[in-house]
Amino acid sequence: MISPIKIWRNQKKYAQQIGKMGTIISWSLINVPPEGFIDQSPYPIALIKLGDGTNTLAQIVDWETKHLRKNQPVIAVIRRTQEVTSDEVVAYGIKFKPCL
Amino acid sequence: MNISITGCGQTKFGELWDSSPRSLARQAVFTAIADSGINKKSIQAIFVSNMLSGILGMQSHLGALFAEELGIQVPAFTIEGACASGGLAVHSAINSLLSQKYNTVLVLGVEKMTDHSSEFISSALMGAGSNEERLAGATFPALYALLARAHMEKYGTTESQLASVSVKNHFHASLNPLAQFSHPLTLDQVIRSSSVASPLKLLECSPISDGAAAIILQSSSSPKKDSVEIIASEVATDTLGLANRNSLTELQSTKKAAKNAFTSCGITPSDIDIAEVHDCFSIAEILAIEDIGFDKKGEVAKKMEQGKYRIDSDGLVINSSGGLKGCGHPIGATGVKQIIEIYNQLLGQCKDRQVKNAQLGLTHNVGGTGATAVIHILKKHD
Numbered sequence: 003m004i005s006p007i008k009i010w011r012n013q014k015k016y017a018q019q020i021g022k023m024g025t026i027i028s029w030s031l032i033n034v035p036p037e038g039f040i041d042q043s044p045y046p047i048a049l050i051k052l053g054d055g056t057n058t059l060a061q062i063v064d065w066e067t068k069h070l071r072k073n074q075p076v077i078a079v080i081r082r083t084q085e086v087t088s089d090e091v092v093a094y095g096i097k098f099k100p101c102l
Numbered sequence: 004m005n006i007s008i009t010g011c012g013q014t015k016f017g018e019l020w021d022s023s024p025r026s027l028a029r030q031a032v033f034t035a036i037a038d039s040g041i042n043k044k045s046i047q048a049i050f051v052s053n054m055l056s057g058i059l060g061m062q063s064h065l066g067a068l069f070a071e072e073l074g075i076q077v078p079a080f081t082i083e084g085a086c087a088s089g090g091l092a093v094h095s096a097i098n099s100l101l102s103q104k105y106n107t108v109l110v111l112g113v114e115k116m117t118d119h120s121s122e123f124i125s126s127a128l129m130g131a132g133s134n135e136e137r138l139a140g141a142t143f144p145a146l147y148a149l150l151a152r153a154h155m156e157k158y159g160t161t162e163s164q165l166a167s168v169s170v171k172n173h174f175h176a177s178l179n180p181l182a183q184f185s186h187p188l189t190l191d192q193v194i195r196s197s198s199v200a201s202p203l204k205l206l207e208c209s210p211i212s213d214g215a216a217a218i219i220l221q222s223s224s225s226p227k228k229d230s231v232e233i234i235a236s237e238v239a240t241d242t243l244g245l246a247n248r249n250s251l252t253e254l255q256s257t258k259k260a261a262k263n264a265f266t267s268c269g270i271t272p273s274d275i276d277i278a279e280v281h282d283c284f285s286i287a288e289i290l291a292i293e294d295i296g297f298d299k300k301g302e303v304a305k306k307m308e309q310g311k312y313r314i315d316s317d318g319l320v321i322n323s324s325g326g327l328k329g330c331g332h333p334i335g336a337t338g339v340k341q342i343i344e345i346y347n348q349l350l351g352q353c354k355d356r357q358v359k360n361a362q363l364g365l366t367h368n369v370g371g372t373g374a375t376a377v378i379h380i381l382k383k384h385d
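Chains A and B, in that order, give the protein sequences.
Using this note's numbering, you'd call the opening residue of the first sequence number 3 and step up by one each time.
Using this note's numbering, you'd call the opening residue of the second sequence number 4 and step up by one each time.
Isolated chain B, as found in the complex (with noise of 0.2 Å):
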């Protein structure tokens, strides 16, 4: 595709009450465009990344907003898709540079939710379902419940192997210092807390948080050394609720958009180091690693408990950052976030998490109960 990640930058994620949407953008953006060393004046297009802000602040219309903050006068678009709206924003840039309207774009996923309580945040993120599941009281931590439950009943899942997927991403954000959560957590502490809907437990569902990431994208005929190229970019879609659905076991839109991806740029899921997956709660992370095609369909929980998948195991690595449990997630950020995550860690840059020899990465990106995923691949040039 020719397409070039030349700059990121990404704020802490977490509970950042002295920080306004606009600084957590000014901070992320300005980061990115040292990193790239681009001037501003060449930024053509600016992608903004996020779900709540009408609901949350009562502001919409976020793309002439921060084009004016950031003084980046150009066209300015906001792109929705509930959780997976920073992979989407990413596409869409992606879309822009393919179609030779501009050779210079500008992602910003951003996210502000810590103002609000946590009741008003789960009302406000049902936004993302369908009207039947709002009218019913469901929450997102409720709708992933019925999946977890489905998938222990048809391949023996176990409460204490969906809990190693936590125990992970604790692990790998307690050497992320952008992450939300610096402290590892151990099996029994995530099964011993809280129910927030059975049979999922607080320490099984990611955070509410703030943070901003942002990315230049550039076309690039010829792709310098040491630089990051995305090879692939693919969006699917399903019903929006989960009542149509053929199956409970599965993401049917992680299915179509991993494999589209795998096609359009010749390559399969063995080929991939190092993955960024949707872990919104605990089975979301197995479900992803499955749909994608990276392990055999009720194999991996059981591996994940024994170990797979660490920064520290052979083979595939999924989550270095922490994932959504472990670094946060900033609705809008979080997709962004996870194609940074990727673009350090094929440069080498991630210090205490670098995984080693890391050429192919990809970032699995999923609005709502998988009603838009969003699969990315990235590729080293050395």
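Chain A on its own, in the form it takes in the complex (with noise of 0.2 Å):
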């Protein structure tokens, strides 16, 4: 289980990071999940350059097979991180999706 206090404090961070644009550097898909992540897979992470210089791993959604590729353009959205049972809050974070 996630903190409550934990999902609340990073939120301000998160509020700065959507809409912010980089390419992929590197990525992998990802067939053998870790806990808390089984419902989503397969998945695609990848190593980010962000628009700034700075470097961010995330994961990316909305994908199809054409955009997991090196320099491809993605954009930071806000999603649902990984499951929760009934009586925890519902985690919210940064992931990228495609932009062209």
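Treat the hints with care, since some could be wrong.
What the hints assert, rightly or not - Straight-line alpha carbon distances no greater than 25 Å define the calculated DSS-like cross-link-like pairs of lysine-lysine that follow: (1) B:Lys-43 with B:Lys-104; (2) B:Lys-157 with A:Lys-72; (3) B:Lys-305 with A:Lys-72; (4) B:Lys-382 with B:Lys-359; (5) B:Lys-227 with B:Lys-44; (6) A:Lys-99 with A:Lys-51; (7) B:Lys-382 with B:Lys-311; (8) B:Lys-157 with A:Lys-68; (9) B:Lys-311 with B:Lys-262; (10) B:Lys-157 with A:Lys-51; (11) A:Lys-72 with B:Lys-300; (12) B:Lys-258 with B:Lys-306; (13) B:Lys-228 with B:Lys-305; (14) A:Lys-99 with A:Lys-15; (15) B:Lys-258 with B:Lys-300.
As the list claims (entries may be wrong) - Some chain B residues close to chain A (C-beta under 7 Å, calculated; not the full set): (16) Ser-125; (17) Ala-153; (18) Ser-201; (19) Ala-246.
What the hints assert, rightly or not - What follows is a set of in silico ranges between Cβ atoms, one per label pair, in the way DEER data are often shown: (20) A:Pro-6 with B:Ser-26: 39 to 45 Å; (21) A:Trp-10 with B:Arg-195: 32 to 38 Å; (22) B:Glu-71 with A:Gly-53: 55 to 61 Å; (23) B:Met-61 with A:Lys-51: 38 to 44 Å; (24) A:Ile-7 with B:Pro-272: 47 to 53 Å; (25) A:Arg-81 with B:Ser-163: 33 to 39 Å; (26) B:Glu-71 with A:Asp-41: 42 to 48 Å; (27) A:Pro-6 with B:Met-61: 19 to 25 Å; (28) B:Gln-76 with A:Ser-43: 45 to 51 Å; (29) A:Gln-19 with B:Met-61: 54 to 60 Å.
What the hints contain is simulated information worked out from the structure, not anything from laboratory work.
We put the CB at the ideal spot given by N, CA and C, even for glycine.
Given two chains presented individually in distinct reference frames, assemble the corresponding complex, making use of the accompanying hints.
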């Protein structure tokens, strides 16, 4: 379980990341997920170079096979991060979707 | 440094469903004590290496736990550095000897993983990564897959070349009675195995394992004939996550720890006869051989496919134990097992997988995706 306090603390950081653009440096399609991500599998993760020159590592959503390539442009969006049980707070975080 | 390894003990690695962490520890430690010929009362401190007991078994405080279990009530410490925990525990034990606080210490690496589902283990192992990586749903196979794809792109490394790492290591493991896997693999079997995190396949990933390994270390101003001395022990760190690295085709921590280790004992990579390197995934062994400085960047994968680094090849031998892939990877035990393999090789005790005339050996243990790297260099005294 992710602490609701931690989820609340992280929201401030996510608010500044929404809409940031970047390009994929390297990617992998995960077929064997960790606990909490089983309902999303298979899903890609990617190392992304952002416009400000920093890098971030994130999950790619709304993807097609043609998007899984180096230099693919992507944009930061807010999405539910992982599975929760009925009495947990739903955690949202930053993921990236292809934008071209 | 005047540090001698005077005894070693290792359990079989694998799915050991009828063994508890306590029974694994007893078996490894009492074998090491018998091998060294010392009385257990002469052990002055215990360094326990483990990563996952607190998460998987809700059991922390392993120093005191194993001191009680072994009937050796001395100062005891738990050392955690993800998959480099074993190497870090050996390093810490050496420092305690160099400080002259103790002159005889025990290092015990132990991990019990197969009681749990692979999803839970994947999630628990991500404790070694960054928060950003956990939130992305990343796994360690996926993080190393990012490195593999970058290496393939930059150096033209092929899937077949990567797969040949597993073929070599399973061949070595088939000659090691304590290894998790006793069957050799063909290149075709590795390439056709299911995808875990593209481009890495199931048979390019080290397994989930149980096991324990223990060594006795002693200060020795005058090493005995036919003994093994540790002549270098170095640790380096890098960023916890992959995002802020300057390069995806090298591990800076490995380069730094290796450089410092070679400098401290005055030898070069070409002097090493045999090495146990951290092959948690096929790409990790390629990176290790390059970053330690054994061969040029971009040339290792091709040589691997041509049959270099095997016990039956000329020159440097890599992972004669079977490595993490073939011998198994009980996290906390791995770094200690690497030392044991080199010790046994230098003393000529490896039977079917014995490397001839080995005098100098190296171990390379990595935590996370290179956030921690530990290098030890071992020398035989004739």
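Task: Violating hint indices (sorted, rising) - done: Failing hints, ascending: 13, 21 and 29.
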